[in-house]
Amino acid sequence: MTLEDLIQKLELTPFTTPKDFPAIHPTGGYASDLLSCAMAGAKPGNVWVTLQSHVNIVAVAALTEVCGVIISEGAQPEAAVIEKANGQGVTLLGTKLPTYQVVGKLWELGIH
Amino acid sequence: MPSLQSKQGRVITDQDAREISRVEELSYDLKISETMTRDVKTTSPGAHMAAILETLRIGRISGLPVVMNDRLVGVISLEDIIQAILKNDLTALVQDHMSTRIITVKAYDPVVKALEKFSEYRVGRLPVVDENDHLVGIITKGDITRGILTALQKDYKVEEVRRYRASHLFEDITSERTSLIMRYNIKAGDYVNGGQASSHIKRALLRLGASPQLARQCGIAVYEAEMNLIIHTDHGGVLRIQIEPQRILMQTSDTGPGIPDVNLALQAGWSTATQEVRDMGFGAGMGLVNIRRCVDRMELESTPGKGTKLLMEIMLRPDERFKESEQSDSLSSTNGESK
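Protein sequence lines correspond, in order, to chains A and B.
Reading the first sequence from the start, the letters are residues 0 to 111 in numbering that gives the first Met the number 0.
Reading the second sequence from the start, the letters are residues 0 to 338 in numbering that gives the first Met the number 0.
Please keep in mind that the hints were generated in silico from the structure rather than gathered at the bench.
Misleading hints may appear alongside valid ones.
[To be verified] A few chain A positions that, by computed beta-carbon distances, are all more than 10 angstroms from chain B: (1) K18; (2) T26; (3) D32; (4) E64; (5) I81; (6) Q100; (7) K104; (8) H111.
[Unchecked claim] Far from chain A by the CB rule (all over 12 angstroms, computed), these chain B residues: (9) R56; (10) S76; (11) T177; (12) R182; (13) V191; (14) S197; (15) L310.
[Stated by the list, open to error] Here are some of the chain B residues that sit facing chain A, going by a computed Cβ distance under 10 angstroms: (16) A106; (17) A187; (18) Y190; (19) E223; (20) G235; (21) R277; (22) G282; (23) R292; (24) D295; (25) L299.
Values in this document were obtained by computation on a predicted structure and should not be read as measured data.
Yeah, the Cβ is synthetic: ideal placement off N, Cα and C, and Gly gets one too.
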């Protein structure tokens with residue numbers, strides 16, 4: 000299951016400049032809106048699901064080396080956030096679904 | 000036909016994701032004129048298909064622009080020749096088989112324009128024209144791949160040189176105790192720049208030759224300490240990182256307000272963050288807990304009304320240590336003996 004597959008199947012909207020998504024294989028997932036929890040729990044290569052969309056998610060994503068942040072419930076990051084994410088090579092993806100459903104779908108797709 | 004994006008990606012799948020996005024960036028930065036082939040072989044509508052086949056074979060090229068009276072009138076490709084062979088029509092003229100749908104790109108356009116046209120029109124080559132529509136070159140996907148790889152290699156070399164120089168820092172300097180100190184002033188309430196110092200530190204460690212695991216560990220510890228200064232202090236504070244061959248020492252100090260009960264602050268889940276800060280996802284009460292998990296030693300000292308000092312230390316395993324100058328080893332061992 001590649002990041003490209005997840006984007007297709009969950010109909011995620013990439014906010015940041017697309018990368019070679021078909022070559023990225025998520026190593027698992029983590030969900031929390033508390034940044035310190037994500038910092039402790041997200042492993043490199045995971046997808047991180049959160050409804051936070053402010054600039055500090057970029058630093059957390061970069062430091063934990065997650066392969067993508069799925070921003071749930073239709074939250075829209077500001078242009079400055081997207082710019083910073085592009086600068087740090089962080090992928091931000093959006094969905095209207097709430098976190099609970101995103102995680103359920105990810106699990107069904109084999110992201111454990 | 001796979002999308003150009005994945006096609007670009009496949010060329011350099013070994014590279015890390017950051018370089019993939021650099022490829023995207025380069026496709027906007029690189030001009031078509033920088034990657035195109037300049038000495039374009041052309042032909043005329045009256046040439047024989049058999050002669051074109053010979054030109055393509057000898058030149059090892061896959062197509063030619065067709066020019067008449069200095070004007071581009073078509074393109075003839077290997078595919079057109081194959082069609083002619085299938086129809087047993089190799090004695091025909093170029094004008095009978097050439098494609099007259101002329102799609103060109105401008106020399107001053109970015110490479111991404113050519114990529115868009117390749118996928119839109121499904122052609123293998125595009126004649127390049129100048130502002131007066133005169134033919135000045137031809138560009139293929141191969142030319143673009145080469146151009147991007149060359150540019151990436153240049154980037155890569157710059158980073159390699161930096162990394163090489165930095166990773167020999169401790170080896171190149173002979174002293175009894177060498178350390179590198181980095182200092183950052185962190186402003187209270189500066190959420191926008193939160194995490195900046197930690198990413199700089201992480202990058203510095205990688206350049207010095209630290210393992211990604213070690214750089215990550217330090218990055219996380221420093222991030223939490225940095226955010227504590229931003230969230231909880233009255234006037235911000237100072238973040239000081241001291242890198243030595245055998246250990247990394249990280250310290251923050253601030254001027255208040257101080258922590259009334261240090262033991263309580265060290266409990267997982269305890270937080271004094273305001274609702275506003277919690278809404279941004281901070282204030283989980285996990286910061287110090289995370290730090291402790293990442294470092295070998297953590298000391299927290301605080302006096303209400305005066306300020307807080309946080310010390311974090313990571314001792315490097317023998318295989319993680321930064322290489323030192325051999326002379327400095329002998330210096331210190333001589334010292335040891337004389338004592």
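To see whether the hints hold, each was checked on the structure:
1. Distance check on K18 (chain A): its Cβ comes as close as 5 angstroms (rounded) to a Cβ of chain B, failing to clear the 10 angstroms threshold; non-interface status is violated.
2. The Cβ of T26 (chain A) sits about 13 angstroms from the closest Cβ of chain B, beyond the 10 angstroms cut-off, so the non-interface label holds.
3. The claim that D32 (chain A) lies off the interface is violated: its Cβ sits roughly 5 angstroms from the closest Cβ of chain B, which falls inside the 10 angstroms cut-off.
4. Not every Cβ of chain B is farther than 10 angstroms from the Cβ of E64 (chain A); the closest lies at roughly 7 angstroms, contradicting the non-interface assignment.
5. Every beta carbon of chain B lies more than 10 angstroms from that of I81 (chain A), the smallest distance being close to 13 angstroms; the non-interface claim holds.
6. With a minimum CB-CB distance of about 20 angstroms to chain B, Q100 (chain A) clears the 10 angstroms threshold, and the non-interface call stands.
7. K104 (chain A), annotated as away from the interface, keeps every beta carbon of chain B farther than 10 angstroms; the closest lies near 23 angstroms.
8. Taking the minimum C-beta to C-beta distance to chain B, about 22 angstroms, the non-interface status of H111 (chain A) holds against the 10 angstroms cut.
9. Distance to chain A confirms R56 (chain B) as a non-interface residue, since its nearest Cβ pair spans about 35 angstroms, more than 12 angstroms.
10. The beta carbon of S76 (chain B) sits about 29 angstroms from the closest Cβ of chain A, which is more than 12 angstroms, so the claim that it is off the interface holds.
11. Every beta carbon of chain A lies more than 12 angstroms from that of T177 (chain B), the smallest distance being close to 27 angstroms; the non-interface claim holds.
12. Every C-beta of chain A lies more than 12 angstroms from that of R182 (chain B), the closest at about 19 angstroms, which supports listing it as non-interface.
13. The claim that V191 (chain B) lies off the interface is violated: its Cβ sits roughly 6 angstroms from the closest Cβ of chain A, which falls inside the 12 angstroms cut-off.
14. Residue placement check: S197 (chain B) does not keep its beta carbon more than 12 angstroms from all beta carbons of chain A (closest about 6 angstroms).
15. The beta carbon of L310 (chain B) sits about 20 angstroms from the closest Cβ of chain A, which is more than 12 angstroms, so the claim that it is off the interface holds.
16. The interface hint given for A106 (chain B) is broken, as the beta carbon of that residue sits about 25 angstroms from the closest beta carbon of chain A, more than 10 angstroms.
17. Taking 10 angstroms as the C-beta cut-off, the interface hint given for A187 (chain B) is violated, the closest approach to chain A being about 15 angstroms.
18. A cut of 10 angstroms between beta carbons decides the hint on Y190 (chain B): the least distance to chain A is about 6 angstroms, and the hint holds.
19. Checking E223 (chain B) against chain A: minimum C-beta separation of about 7 angstroms stays under 10 angstroms; hint holds.
20. For the restraint placing G235 (chain B) at the interface with chain A, the shortest Cβ-Cβ distance is roughly 16 angstroms, beyond the 10 angstroms limit, so the hint is violated.
21. Here the hint on R277 (chain B) is kept, as its CB sits about 8 angstroms from the closest CB of chain A, short of 10 angstroms.
22. Annotation: interface hint on G282 (chain B) holds; nearest CB of chain A at approximately 8 angstroms, less than 10 angstroms.
23. A least Cβ separation of about 7 angstroms between R292 (chain B) and chain A falls short of the 10 angstroms threshold, and the interface hint therefore holds.
24. Violation of the interface hint for D295 (chain B) is found here, the shortest Cβ-Cβ separation to chain A being roughly 17 angstroms, above the 10 angstroms cut-off.
25. About 16 angstroms separates the beta-carbon of L299 (chain B) from the nearest beta-carbon of chain A, more than 10 angstroms, and the hint is not met.
The structure fails hints 1, 3, 4, 13, 14, 16, 17, 20, 24, 25 (numbered hints given earlier, in ascending order).
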